[in-house]
Amino acid sequence: MKLIVALIVILAFLLRWLGHDVSPPGFTADEAVFGYNAYSLLKYGTDQFGAKFPVALRAFGDYRPALYSYLATPFIKFFGLTEIATRLPAILAGIMTVLVVYFLAKELLHPRGVVLLAAMLVAVSPAHILISRYADMSPLSTLFLGLGVWLWFRQPMLASISFVLAAYSYHNARLTGPLLLLGLMLLYWHQFKSRLRQFIIAAGLGLILLLPLILFLIRSPELALRRGFYESFLSQKSYLPRVTTDVSTDPADQSPLITRFLHNKPKVILTQWAENYLSHFSPNFLFLTGDTHERFQTPGSGVYNLSLALLLPIGLVAALRRPSLRILPAWFFISPLTASLGLFTPNSLHTLDSVIPVSILGSLGWFNLGKKLRLVTVMIFIYSVYRFGWGYFITMPQNPELRWNWFPRAGDYVNLTRFVPAMEPITIIGSHNFPQFYLFYNRIDPQEFQRQVKVNPIPDTNGFEQIDRLERFKFNSASISGWMIFDRDSFPSALGRCIRQRVDDLYYLVYVDNNCLNLH
Amino acid sequence: MISITWSMLIIIVLTFISLILRLINLGDFPANISVGELGFIYPLRHLINYNLFIARLPFVLLYTATILLVVILVRRLSRPIAIWTGILLTVSPWHLGLSRRAVPLWFPWLNLELTKFLERFFDFLSPVNLFFANSLLSVTLPLLLIGLARAKKFDRLFWLSVKLIIAGTGLASLQVYFGNHDALVLALFGWTILLGWGITHSLHRFPWLVFIFTSIFIYQIINSLHNYFIHLQAQARSQWEMIYQPVSRFILDHQDEYQRIVVIPKYGYPREYLDWYSKGQIDQSKLVIDQFKDDYLNPNTVYIGHINEQIKHQVLATFELPTGSVLLFAGTGTAQAK
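These protein sequence lines are chains C and D, in that order.
Under my numbering, the residue at position 1 of the first sequence is numbered 1, and the numbers go up by one with no gaps.
Under my numbering, the residue at position 262 of the second sequence is numbered 262, and the numbers go up by one with no gaps.
A portion of the hints provided could be inaccurate.
Unchecked claim - Computed list of lysine-lysine pairs in DSS-like fashion (alpha-carbon distance at most 25 Å, straight line):
| # | chain 1 | residue 1 | chain 2 | residue 2 |
| --- | --- | --- | --- | --- |
| 1 | D | Lys163 | D | Lys152 |
| 2 | D | Lys153 | C | Lys371 |
| 3 | C | Lys372 | D | Lys163 |
Rather than coming from a laboratory, the hints here were simulated on the basis of the structure.
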């Protein structure tokens, strides 16, 4: 059994470690933020803006949880500020999640086969592979939530620490974690009651460990909740057009009382939320087409292996009927609760933790499946693994549109500045105009950054802070003159004669002057 | 003497409500005649004397009969589930929508591309589509989950409903044209039986849920009927087919003044729609369906074209949908314009 577990973990490692030069086909600004802030923490114990040992990184003004950068510091110390070092915490969290699923499945279900299959299903889970090969907070919270649930049955003190780490690692876990704890408490009431003392001490410890986060929330609620504000359908009031459309098509002579009864704000909000929530259970999203966000979508693959379309419902019904397993369906239904408050749903990144219950439930489904169907399921499983592999390692890097979502060859993009004479100002235009790339690839000293940076006091429409100037770089500038770097989407064809250097058809370094423009 | 039991009484009441909901303003709601409906009723126009109510009536009766049939069949296995299934079908906007249109079920086979088939199959099973687009009452969903957890065994009815859902969804996914939900009717019966099963198994175990459930259930019924009769009708009035109503009136008023009436085929089936809306009064020998040609810039010809073409003509009228969007104009050529 140990050998098989080791083989599954090795498979998980290979699927998350190999081929980073091929896919993901780029390195995103979000990743650069985590890497550069880890570099800054390592060098000065501050984030890139100079905040001492922060709970949240200011980054793009989104104040994202800082734990990822803290965990990246040893790798950056060891490997330097590189792409792979930045991604290592996510990769390792992804691999360790496989082990956590193994232990949790073993805790809840005893048959050896079920436990191994559950671990296997996480190891080859399309969305989990995709997201844990990319520097993001979500694989961390998935690991800590899984670990927390497993330890809840064994070591409440350690479970408490794990849930606290989940809260420090990702916004979503701050709601999912407490809901899971509530679920555990209610569903395993006798177990909870019999160890009440331990749980009270564990809760106390958790509260103490959460103090820095609580203080941050109390002292700067505007900053702590800023991302939530811009990403929530509630605060952005995206439901309002529904009310106005409904009211405007009601008969003119209808009583206002009836109108209010049928088209009121709570009802529309609840409907919008329910639609968002239920969208996470769409079989197409789960098993066939995946996330609607291009970056988290693998061509030809759903969030989970296609064989789970058959196994999951069977496992779900089986688990619902066994009180000892009810945390699994509960988790499956809790996971999208936070994500459904967002503007963009369904969202595989925000619901990554559901990979744990889904894999165990799928495994349970397998053992409740008729023998004739097992062969079909195995074939579907193999086909689905192949389709994901082909989509992720072949189609995605070779398709220019899909590749574009990943900020391809960002390092070469930054290198274009080397062709510009020293001290000459450079204007950066396009969706790639993030100074984070320059900071990351040029390993700019964070204190130098703090001295030079000029942040625009007005955030953009998505709530992100804009940096106007940094050293000789100008961002978000409207004037077209002098040295400029454009990305593919923003490059005006009229400047075709001004190109001095290019990176494929992705980025262009131009020198715009009258001479170059008069050639037209 | 015939003794009427409670369940029989409920069936009678359900039939009565079903018929009322399906017969109210049947000739006017839905306001538009979809292409599928036109394809069925147009060949029968003389038989039914261009009467939409008569065309739609058999479908109302047939679909109401399906409710009775399902209730009677399910009643043999479980009375409470039969009643819940009957209630859900009676007030279902999905069933209402199918009942009030003269569109026979047809299966334009076959979509055999596996990925497309799966995509459609999964799309038809998407909870958002089922509970919002197709308006199954969403309050029944948590009860189904409770039922799944609490039911002592999965009885024949449960498996029957699952089979109906899979068969109905599978058949609908084989259709070439996506978005045609008619073939999903089998799945609709499966879903209502399954939800009825869930309600019965959960309310039976948790009586305290009854009050909460009933309140939300009644609210959702009122809301979905309001949606169907008010908002969906507003949508129906904004469909492109509706433009032929004012056009047919215009042609009837002016056909004697012109030798030729030309209508562009930009929107589908103009001859059939115009004939239907004018109840066969338009002189078909004068009607030409064609794109614009210079020859139509003629004082003896009235040209009915897209609103963007009007500068070439002396405009006689413009035609708008009941929602106010102007789509077509009628114009004639003058010596000057020519």
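Now for the hints, and whether the structure bears them out:
1. A threshold of 25 Å between alpha carbons decides the hint, and for lysine 163 of chain D with lysine 152 of chain D the separation of about 20 Å falls inside it, so the pair holds.
2. Among the hinted pairs, lysine 153 of chain D with lysine 371 of chain C is consistent with the structure: their alpha-carbon atoms are about 21 Å apart, no more than 25 Å.
3. Between lysine 372 of chain C and lysine 163 of chain D the CA atoms are separated by roughly 18 Å; this keeps the pair inside 25 Å, and the hint holds.
Checked against the numbered hints above, the structure breaks none of them.
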